[in-house]
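Chemist: Throw the hints in and build the complete structure from the sequences for me.
No gaps in the numbering here: position 19 of the sequence shown is 19 in UniProt numbering, and each next residue is one more.
It is worth saying that the hints were derived from the structure and are not from the lab.
Hints should not be assumed to be uniformly reliable.
With a cut-off of at most 20 angstroms between alpha-carbon atoms, the simulated SDA-like pairs for lysine to any residue come out as follows [claimed, not checked]:
1) LYS45 / SER28
2) LYS25 / GLU6
3) LYS13 / GLU58
4) LYS50 / CYS61
5) LYS50 / GLU30
6) LYS45 / PHE34
7) LYS25 / ILE43
8) LYS18 / GLU44
9) LYS45 / GLN2
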Amino acid sequence: RQRYEECFRRWDKNADGKLSKEEIKAASSEIGIFSEQEIDLMIEKIDRNKDGFIDWEEFLCALCLDE
1 RQRYEECFRR
11 WDKNADGKLS
21 KEEIKAASSE
31 IGIFSEQEID
41 LMIEKIDRNK
51 DGFIDWEEFL
61 CALCLDE
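Modeler: Here is the structure:
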């Protein structure tokens, strides 16, 4: 779980506790695994409160690590 927290914090460039589409795109470009369409779909599926961001709880839930 600590590794995921580190990953989340590293991707959360402005340290607001949420991943924006732009932050996810930047992180994805580092590892080159998601297209922009895939990112949009991922946010749509993971963003439970539909605020346009992925917060820590949504991130954990998406990884099935919510304890």
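Chemist: Need the list of violated hint numbers for this structure, in ascending order.
Modeler: 5, 9
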